[in-house]
Amino acid sequence: MSLEFSEKAKKKIEEIVARYPQKEAAILPVLHVTQQEFGFISAVQEKIVAKVLGIKPIRVRELVTFYTMLTRESLGKYHIQVCTNLSCHLLGADNFVDYLVDKLGIQPGETTPDKKFTLSTVECLGACERAPCMMINFNYYGDLDPKKVDEILDNLK
Amino acid sequence: MIKIFIDKDPVEVEEGTTVLKAAERAGIHIPHLCYHPAFPPEGSCRMCLVEIEGFPKLELACSTVVKKDMKISTKSERVVEARKAVLEFLLAEHPLDCPICDKAGDCKLQDYYDEYGLFESQFKEVKEKREKKLKIGKTLILDQERCILCTRCVRFLREVTETQELGVFHRGVHSSVNIYDGATVVNNYAGNLAEICPVGAITDEDFRFKTRSWFLEKRESICPLCSRGCNILIEYHPGFARFEVPKKVYRIKARENPEVNGFWICDRGRYGYSYLEEGRADQIILNKIDGENVLTWENISEYLGEKIKRLYSAKKATGIALILHTWLSNEELFLVHKIFKEDLKVEKIFFADPPQIEADGYLLTSDPSPNIRGALEIGFDIKTVDLDALADGTDFLLAFGPFLSGLFSLGDLKEALDKIKGKVLFSYYSNELNSLFDIVIPVALIAEKAGSLTNVDGIVQSFQPALEPPGESLPEWKVLADLGKKLGIDSKFFEKFTSPDAILGEMGKKITFFQEKE
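Chains as they are written, first to last, in numbering that gives the first Met the number 0: chain A, 0 to 156; chain B, 0 to 517.
Any given hint might turn out to be false.
DSSO-like cross-link-like pairs, simulated, lysine-lysine; straight-line CA separation at most 30 Å [what the hints assert, rightly or not]:
id, chain 1, residue 1, chain 2, residue 2
1, B, LYS484, B, LYS306
2, B, LYS137, A, LYS50
3, A, LYS46, B, LYS128
4, A, LYS46, B, LYS131
5, B, LYS420, A, LYS46
6, B, LYS132, B, LYS217
7, B, LYS420, B, LYS508
8, A, LYS76, A, LYS146
9, B, LYS484, B, LYS308
10, B, LYS134, A, LYS46
11, B, LYS308, B, LYS420
12, B, LYS344, B, LYS508
13, A, LYS50, B, LYS134
14, A, LYS102, A, LYS114
15, B, LYS7, B, LYS20
16, A, LYS115, A, LYS46
17, B, LYS484, B, LYS344
18, B, LYS287, B, LYS484
19, A, LYS46, B, LYS132
20, B, LYS137, B, LYS20
Not the full set, but computed from the structure, chain B residues with beta-carbon under 7 Å of chain A [stated by the list, open to error]:
id, residue
21, VAL167
22, TYR179
23, PHE492
Since the hints were derived computationally from the structure, they do not count as laboratory data. Model, not experiment: these values are computed from the prediction. All C-beta atoms in this analysis are idealised placements derived from N, C-alpha and C, irrespective of residue type, glycine included.
Turn these sequences into a full structure, and let the hints steer you where they fit.
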């Protein structure tokens, strides 16, 4: 694992930081770049970000642990985020999570041993019209039922 | 100034102030947990909700700015209901372990529950499990379950010490205050955290489980451990005769003074209170006495007066030497100056203070004595003791303070002092130094007497006795005022000095610096 940002990421961070009157204000977009770069943000990454922005690593950890879109551990190739909020819940999201737990053999928050899938439950994905829904990486899938899920997962390499 | 109404009573308040501050000034306490006057309003605890006419919802007293003719209710039914509801939420995740909590009796959450809560808990769910004994500092223990996430500690470390050792990790019901990968709070102000924590989350090992806060008497005093002169509260157990619990000081807390120390004190001042009790001298010690009767406090000044008069009438004021220190109050130093410098024209006046320490750039200064500025303003030239010059041709030495032993070895001191015939020491402590003097008179510490000190910035602060001096100890100013009378050089001058206040009043007339500072 590289302990430094790539040249491309460095340039991107420079651009982001220049947009704000205070360096610290750039922390969230910089964290997104960091996550894209390393896949996750652990203590090592926290320290690099803190150094770039001239703040203490503890400030970075406060944000990384606060935001669910930032992750502290490496994820599987496919990150499955299942909505369990109101609309999805009413349309059976819980059964649906149970189905995925059985199918993948992992609990929410865990990654399969082959590092292919990570399962998470999340709050509203903003797609209630397609409830129950989920996201796999950055793609939406709605109106789910076990059959459809089987198809979707089978198509993932 | 604008007029507002708090609970129907008209109150004149400053424009731009907040509802909470305005109410506080009018003598009305609005419950609050996260708000601390040292920081901007945070508004996270929701305890300070009040009803304001024309506002549809209850508003936060800590962050709402007053407007002309605002009508605020702090005790209406809606407000009391809201406080109860807020407490119910705060306590839902709280372990309710007051009987074994060290903060019990000192806890605002407990006080408010007693005043506004008193509900049957509706919380049937399992409480979150968190860290109960997280060591976050040299003597600090964090109980994350008791924490109500007011973030006072986090803000203190961010805004006051700027060291940021604590942060809030995770969110919602999982939020908790934490340290970064085992890096504990290391700064000279860490002790303030246990004090500003409004609940039992941060406790101090220096104090915890040693006594109960409701047994403690609280007295105001001034910290003598550096020249800042921070305002403090000394909390001591008055002792139980029946259970043989002795009288003892248990902790020092900060006392607010915006001009001197704000709301804080340093750890040196907070934890260094052993000087108050350990090794104190409580009896007059007579090592060598030439034919006189037993000395008591009543005849000390007479004895000293006779001794000095004998030397003076023989035109030998040069035979008198003096060792002072700057733990003496303004009044005491002024009396010494008048008697020995002005009247007796003694030239050999030295100072023996504790050695310099490292300043921390905030409150702690490099001078570990509280009244150096006072000594300078009174007109002393602060010369450190020179043993050769001290002993040379000296017949009588009057020494104050225990600090000589910090400057020289006992052997060097003995060699020098052996050359002097008469030696009297006024000291707080009973230690080896005392064996070198003919007479040792125990005296009261700053915490045990009245007087005033001049801090590093020239602020003159008066103090009153917080504790009883041990045994036969009494304050130096009494002996000095008496000695002034007995010497008979300017007896009338000393007659009115029946209290430190009277002395400070006179100082104001004689020294411009002390004008209107009494």
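Taking the numbered hints from earlier one at a time, note which ones the structure violates and give those numbers from smallest to largest. When the structure is compared with the hints, numbers 5, 7, 20, 23 turn out to be violated.
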